[in-house]
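Visitor: What follows is each chain in one-letter form.
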Amino acid sequence: MSQNFDDLVRQSIAVTLENMAFMEVLPQSEDTATESANSSMSARLLVLDPIQAEMILTLPIQLLRNIIDVVHAFPEEDVAEQIQADMLGELLNTVAGRLLNDFIPGNQSYRLGLPEVSQDDPVLCDGPSKTWKYDVEGEPLTFAIVGSGFFPDDSVTV
Amino acid sequence: MKRIVIADDSATARMVIRRCLEIIGLGDAGMVEVPNGREALARLKEEPTDLLVTDLNMPIMDGETLLKWVKGSPKLTHVPVVVITSAGNPAKEALLTELGAFAVLDKPISPATLLKKLEPLMQ
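Protein chains in written order, with our numbering: chain A, 1 to 158; chain B, 1001 to 1123.
The set of hints was computed from the structure by calculation and includes no laboratory data. All values derive from a computational prediction rather than experimental measurement. All C-beta atoms in this analysis are idealised placements derived from N, C-alpha and C, irrespective of residue type, glycine included. You can trust all of the hints, since none of them are fake.
Only part of the chain A face toward chain B is listed, based on derived beta-carbon distances under 10 Å: (1) ILE83; (2) ARG98; (3) ILE104; (4) ASN107; (5) GLN108.
Please model the entire structure based on the sequences and the hints provided.
Guide: Shown next, in the form of structure tokens:
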């Protein structure tokens, strides 16, 4: 996995969070490297064509609530689980699109599935995979890709 | 503009689009939000609409199909269609433009990028 691809992933997440919620994405610090005290929510999205892969985004509920507060301006007590799921799915959808725009040649189109959200911890399916961890407002953000389409050399670590 | 239809299966995405439209000076327009292309088509047929803003990747009827139906309808073909998508690249943009899209924008959108594309319609 090249440093360049790591940069593409970071840039996709940073641009998405900065444009949608005015939040800065930083490398994971030691403070957030430990397990977050908050429960988390995960969203999954399939890349259907021209490569096959799955992307998984995991955020603490509190960070999701903070993002919703910026985008929707709802009082925290009014934030239903459905709104959290919708926000997480839209974040993953946007990150995936930006990443594929940079990864796939411009003359080739691609297809994404629809995001699916679950509150369970993500279980990575078979195939090479890699996980990236970042810090957003003191909370951990985790992004993972599973599938050989992004990792042609099969030398990827989880 | 008096009426704008916003089609996206994500309430979050619809909110972001609505906010951007308000910021660029279209807050006075009546905005109709729908979660898929089929419902968008139904609402477009209800009364005259000045702009359709649609996502590409939606359940039931996707944005590309919606665009084809709008541009294939004598009653709706004049409605400018802006496609805002997370699944766009130059190849997709060329296809959508060929199908009649007024503009194609990548998510996440900003008021500045939206204004740049919509300026000709706002004059």
